[in-house]
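Chemist: Sequences listed follow chains Y and G, in order. Residue 147 in numbering that gives the first Met the number 0 is what sits at position 148 of the first sequence, and the numbering runs on without skipping anything. Residue 64 in numbering that gives the first Met the number 0 is what sits at position 65 of the second sequence, and the numbering runs on without skipping anything.
For the record, the hints were derived by calculation from the structure and aren't laboratory data. The beta carbon of each residue, even a glycine, is placed where N, CA and C say it ideally should be. Take every hint as true, because none was put in to throw you off.
Take a look, some chain Y residues computed to stay more than 12 Å from chain G by CB distance:
hint: 1; residue: Leu372
hint: 2; residue: Leu415
hint: 3; residue: Ala433
hint: 4; residue: Val537
hint: 5; residue: Pro631
hint: 6; residue: Glu708
Output of the computed footprint for chain Y on chain G, the stretches with three or more beta carbons under 8 Å from beta carbons of chain Y:
hint: 7; stretch: 73–79
hint: 8; stretch: 97–110
hint: 9; stretch: 124–137
hint: 10; stretch: 145–159
Chain Y side only, calculated, beta carbon under 8 Å to chain G, not exhaustive:
hint: 11; residue: Ser58
hint: 12; residue: Ala104
hint: 13; residue: Leu162
hint: 14; residue: Met179
hint: 15; residue: Ala181
hint: 16; residue: Gln209
hint: 17; residue: Thr240
hint: 18; residue: Ser255
hint: 19; residue: Val256
hint: 20; residue: Thr293
hint: 21; residue: Ser294
hint: 22; residue: Thr296
hint: 23; residue: Ile299
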Amino acid sequence: MTAPSPHDVLRGRQPDVDGIPPDHDGTEHGWPERPFRERYDEALGDERLARNLTAFQQSWRGNRGDAIESIDFGDLRDRLRASKTATIADLETHIATFQAAAERAGARVHHAASAADANRIIRELAELHDVDLIAKSKSMVSEEIELNHDFREHGIDVVETDLGEWIVQVMGQRPSHLVMPAIHLGRQQIGAVLTERLGRDVSREDIAEQVRVVRDEIREVFFTAGMGITGANALVAETGTVMMCTNEGNGRLTSSVPRIHVVIAGIEKLVPSFEDAVMQLRLLGRSATAQTLTSYTTFITGPTPGHEMHIVLVDNGRRQMAALPEFREALNCIRCGACSNVCPPYREVGGHVFGHIYTGAIGLVVTPFLNGLDAVAGPQSLCVSCNACATVCPVGIPLPRQILDVRKMVVRKKGLHPAKRVAFGVLSRPAAFALASRVGAKAQLPLTRGGTFVRTQLPVLNRQTRWRSLPAVARRPLRDRIRVGETQPPLRPVVPNGAAGRTVALFPGCITDRMYPEQGQAVNDVLRHLGVRVVLPVGLNCCGLPANNSGDEPNARRMARQTIRALERTRADHIVSGSASCVAMIAQDYVHLFREDPVWLPRAERLAARVTDFTSFLATVAELPAGSLAVPVPGSIVPDGRVTYHDSCQGLNALGLAAEPRRLLADVMGLRIDELAESTLCCGFGGSFSFEYPDVAERLMNRKLDDAESTGARVIVTDNQGCIMHLRGGADAGRRPLRVVHIAELLAERMRLLGAARSVE
Amino acid sequence: MSDTETMLEEFGRRAAALGVRVDRVPDSAAAASTVQGTATDARVTRLVVSGEVRRRAPGLIQSIEASLDVETATDPAAVRDAPLALTLAHTAYAETGSVLLAEPDLPDRAVGMLSGTLVVVLPTGGLRAGLEDAVAGLRAIASQPGGGYATLMTGPSRTADIERVLTVGVQGPGKVVVVFVDHLL
Chain Y
0 MTAPSPHDVL RGRQPDVDGI PPDHDGTEHG WPERPFRERY DEALGDERLA
50 RNLTAFQQSW RGNRGDAIES IDFGDLRDRL RASKTATIAD LETHIATFQA
100 AAERAGARVH HAASAADANR IIRELAELHD VDLIAKSKSM VSEEIELNHD
150 FREHGIDVVE TDLGEWIVQV MGQRPSHLVM PAIHLGRQQI GAVLTERLGR
200 DVSREDIAEQ VRVVRDEIRE VFFTAGMGIT GANALVAETG TVMMCTNEGN
250 GRLTSSVPRI HVVIAGIEKL VPSFEDAVMQ LRLLGRSATA QTLTSYTTFI
300 TGPTPGHEMH IVLVDNGRRQ MAALPEFREA LNCIRCGACS NVCPPYREVG
350 GHVFGHIYTG AIGLVVTPFL NGLDAVAGPQ SLCVSCNACA TVCPVGIPLP
400 RQILDVRKMV VRKKGLHPAK RVAFGVLSRP AAFALASRVG AKAQLPLTRG
450 GTFVRTQLPV LNRQTRWRSL PAVARRPLRD RIRVGETQPP LRPVVPNGAA
500 GRTVALFPGC ITDRMYPEQG QAVNDVLRHL GVRVVLPVGL NCCGLPANNS
550 GDEPNARRMA RQTIRALERT RADHIVSGSA SCVAMIAQDY VHLFREDPVW
600 LPRAERLAAR VTDFTSFLAT VAELPAGSLA VPVPGSIVPD GRVTYHDSCQ
650 GLNALGLAAE PRRLLADVMG LRIDELAEST LCCGFGGSFS FEYPDVAERL
700 MNRKLDDAES TGARVIVTDN QGCIMHLRGG ADAGRRPLRV VHIAELLAER
750 MRLLGAARSV E
Chain G
0 MSDTETMLEE FGRRAAALGV RVDRVPDSAA AASTVQGTAT DARVTRLVVS
50 GEVRRRAPGL IQSIEASLDV ETATDPAAVR DAPLALTLAH TAYAETGSVL
100 LAEPDLPDRA VGMLSGTLVV VLPTGGLRAG LEDAVAGLRA IASQPGGGYA
150 TLMTGPSRTA DIERVLTVGV QGPGKVVVVF VDHLL
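So here's chain G without its partners, still in its complex pose (with noise of 0.2 Å):
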């Protein structure tokens, strides 16, 4: 097996054992059939996009949009409780199933934190090993005039406050759904 695939492996033992669903797709067309498939199971037409997928990936969101409603998100306000939501990660962390979220701005940032189910694209490239290949990403995000706001997200929202019993979907996604992409354009 070659690295990536190794690491893709570990990704998505660790994953799955959080409850993630992790997909590897060849190209954006791909890529735009899993969200739908996810948008079918969720019984759901309308899609929240970040600023951030939207202008980095423009082929998904071209594929997407022939069959969803895709909305960009504007404001936090907008994004609550919004059942789907697609969002790009930095880079990813096989170590511990993690996507690395870099998100500076607000609206942004709400797609991660309020949607129901959120799915992350990423290219497959972006896949590494473990979280010290994390550091420099953390600290280019950190070092950015302004500063920066940066999450490993690793599995959906969960909380076991109330006698040690897991439940999942808090205050974040309750899915997640993870699609590294070969091609994404």
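Isolated chain Y, as found in the complex (with noise of 0.2 Å):
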């Protein structure tokens, strides 16, 4: 039996292989294009997806902190984002000498203003050099622009060189992933699908036999094509040159050996010099790929001798984003897709769902602008906003908040989900607040029969709560507990500290004021014992972070105008949260909430000034001496002294808070800290997220809980009352000898030991 050509394996029906099935409409690009639901349903069936999608997240991340270990990060990553920055805001400038010299170096520059423009000028050279077959290396925009779909319907061929570009398109899918396209697939389904279409036994087991049989047969397409398409990593703009940056060769050759060779680039992908180049290449591999730089990194200045190089300049919507400031960094993008690479979503889902052509959190802000918006609204909404996108981005792009916006943009044109409709009506009047609060306190306790769980299973929130004990609300909230606007005189200091005298402003949050108020208590009894004066200033309410989570920016903006208003009366040294989350908000979402308000604004900038989180402030104003709180305490919420940390994604990826718990935890309290497996991975509750997509929510919270238990470890603090009211309600409905506490908690037990044997002397 002869082998069929490449021509003829492209050309086959597509194949139904372990669980991956045909397109809905045979053309190659129809598999993420069915209902996101539908998308998403699959893929949480696909238990080798989320394995393989662990592996991977698991190993990049070490690897990438071994890889930039040799690089100073935030300050590459802040000379890129500067340059990248300064080159969009003149980018006409740049395009017309990049133009200028690519044209003198021979090549031919092409500018498209659209995906069809783009598809047509390629085409176009094709059909003048009676091109029938071309060869491709790997291209994010001709993806975006579906450039293979529109040579299929003119009957030019292409072949896709790069191995794994090359194994999605046989399989008639998409990329998953910016730079590493099959990793949602396993050797068996690719053994099995290179088997069918080359009609002969290729091992479903052998890596290394896959890959030399991909690369057979792509070998021949090289020398029989009559265009090269390629990509481009950055262009020069002095020279006029392309960078290209490849591991497999693949890209070379389809550059030099066929006789036309066309680049495709986003406009964006300008750099004024080789100097910015360079500093490009530090940051790329090894956020990329962990490597320092890839195997290939080519500088194309011109045609090959003898050949014709074609350069097309795309904008599809670029110069769009340039023009909006809330999302032109978002054009800062180097596309090495390490913000899918810590992404928990992305982790459970996969780029076919997590995204639309670009996948990741850059996919979810670029996509509406490159695709429309349509074709992100189901994705966007699988943000959980843990913010650790932003920790990794080499550019600093501010994803996190962008997806939000464009969260927004979908609920300003879709609406707001009724459910959410009525709860944030509720929650951003405060009478309306505090009366369903009561009720709810009074109406539960069937339900609760006086204890901290609603555990009864209400059938139509099955999938929801069948994993988890929802939070009783606090018959007494804290509002209750402590004299609202009555400034508490401080006790006498249980140790030396720097925040004795001082006074501090309380603003617990909303989950705290009504579902954990021993909290509330825990954080003011903390402070008072510091010999701080505390007041819980009148007039609080929500701070607006599950609206804006949710897109609802009218209700945000109403809660935050709340929030101001009572902080800002307050005339107290510092305003303090137990909730890490809250002070993110307050501090650095309100900012953007009111970008133009002129009124508003400045008030959100003082508030934001005046904000800190409880554990900053006893790292940097109290700062507790050293084994000042290591004492033994009878009947300790630990009483093995051992504990493990949970870094809440706000209170790490938003406030940056790392060492300043542990510090607390172990050097001040004297406790043995025994670390989580993946410390920094968000538990998946993320507010609504976990009501919208119980399912990622429970794997998540269960990997959490899991790493907790092999810890040995019976007590997980945190600093933040969201993973709270989820880790509790997980291990509740779980029975796992876990404890999840405030480390508010424990430093308040021991502070009143101290206090009262302080009132005996």
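Build the complex from these two chains, which are given one at a time in their own frames, with help from the hints.
Modeler: So this is what it looks like as structure tokens:
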């Protein structure tokens, strides 16, 4: 039997291998375009997918950590960000410089305003030169404009020459990751597809054999193709040079051997000089594949002698992005894919669900401009707002905030879910919220039987609640335990500290106030035992975070204004909250919410400067001495002195807290910390996320609780009430031997003991 | 240690981590021995060389020709899947263990793209410390009349596209040997 040619392989019918379904319409771009919920449910049912992606994320994190050890990541990131931002601000000048230099070197530069323009330009070049076979190297812009689909419709064959791209092309799929296109597939699936397509047995286990087989299938294309199409990692304006990074060597062949070389690149790829290009190189390989450099970093200026070179500069929504301050910085992206590599929901469902063509966090941001808002309406709702993507982005794009801005666009167009509309309507009206809380506290009694959990399963919410117990509403909220508006006198400091004599306004947050008042009481007591005057200001309500994270900008603003009004009246030296989420909202998100409001913006900025979280306050203001609270506590929450610490996403990723809580636990309180295996991974709460995507939330929660149990510690300590609600609920429903507590509760039990001892003296 | 020795040590460490063999030899005769040894290991007697290395290091080629069939690349099809090839690097960079190949002509480029094992020679004096030192060279290559084609090659061709399992040798050379020659003639 004669083996089919690459053309035959690509023309074959769509496979149905190991659960990967055939396209609904037989086109190569059909799979990702099925309804979002359908794709989501299918991905959840694919256990191998999450297993592969989990292994990938875990190894990438370790390898990337090693790779950035040899550079100053923060400094390089800031410099590259500044360079890219300045270039985007003067984009037309750099494009003109690039074009003039490239054309001096013999290339021809084309400008495509839209995807259709780009496809037409390249197709006409192929037709002009009677090209019927094209070799293509990896290019996300070509995916964006659906170039392969356009060629197929016009009878021109295109063969992807990157190994992963070739595999997903053969399988009728799209890449599921910006740099690892076939990361969602396993060797068994690939072996089965190769066997079916090539008509000969290919190993399902031996990856080296699979690579050899695909390599040989592709090899001939370089020599028979009339055109080679590549992407670009950067366009160096000063010399008109195309920079391209690859590992396999297919990019060099694609750009060299066929007589016509077409480069397709977004206009944001411009960099002014080689100095800027080298700066990008130092971050790109490390962020993408944890390499210092990819195997081949190629700089192409002008055509190969005797050949033609065409460079197609694609706008397709980019100039629109450049004109919007909220989204401009997304054009700094260097397409490393790092944001996918730390994304918890991406880990569970993959890039065919978490994204459209561009996957991961950056995909959620750029898709509305490149492929339309509808394409990202579903995927954007999967973002858990953990901020992890922002911590690894090599150009410092504010991805979490931009995703929320996309969410707000979706909500403006499609409306808010009715349940959220009702919930935020109540939450944003203090009297209604107070009434609902008090009614709820009484109405829940048949379900709670006076306990702290609502354990009864509600059939309508089975998917949301079968794996976790919900918290009961406190019968006495914090505002009934501490006199509102009345400054409590300081107690005699139990340990020497730098906060004594200060006045603190306490912002407990609505969850603390209504569900976990004992945590608010703990914060209050700790502060007082430090010799601090504490006041619970009048007029506090929710900070607005739930509405903001759901894309409900009007209610988020309404609650933000309530909070600003209430807090700016206080003359306290500091405004302190035991909720890392509320602090991140007040200190960071308010300024963005009011960015176009000349009245409220300065008020938001002033407030932001005064707010701090409880842990930071203790670390930077109180500066508790080492060992000062290392005292045995009878009946302690931590009887064996061992804890594990869960970094809340807002605490770690938004506020940058990592060493501070650990110092309090280990150095100040003398506790042993048994670290979690993946301490930086989200627990899966994400506010309403855990109700919208309970399956993902459950998986993430169970992973966190499994990791916690594995440490041997029986107490999980954290600084955020949402995480506490989620993890406590899961531990209770799963009957796990774990307690979840706020760090203030541990500090408070020690300070109360020392305070009581002082009283006896 | 001298600066050169320090850079050589770093280059060697970086390149070795990528599976690249690095040698430093005093002269072209010793470099020829390295090439011959590589050919013996690969059990081949044919060596494809770039036009550039033949022009710039005729003494080296002459020494090699004593024991191997040396063929100068003329077109990519002739170089396709050649088991062993030899080319000349423009410079090398200790920071990343990379060599810079400047290959304006397609046949020379094919030597570095299509062979199974690639031996890269360059004068020891062409070793630089960091990537910022590549800027001037890249700018000069790109600014030539008609432009240029340059590649920072950092290890062999590789992929991890299937289950992140590293496989070396895809479309480019699967083995790379870098030879620094103190006196390259």
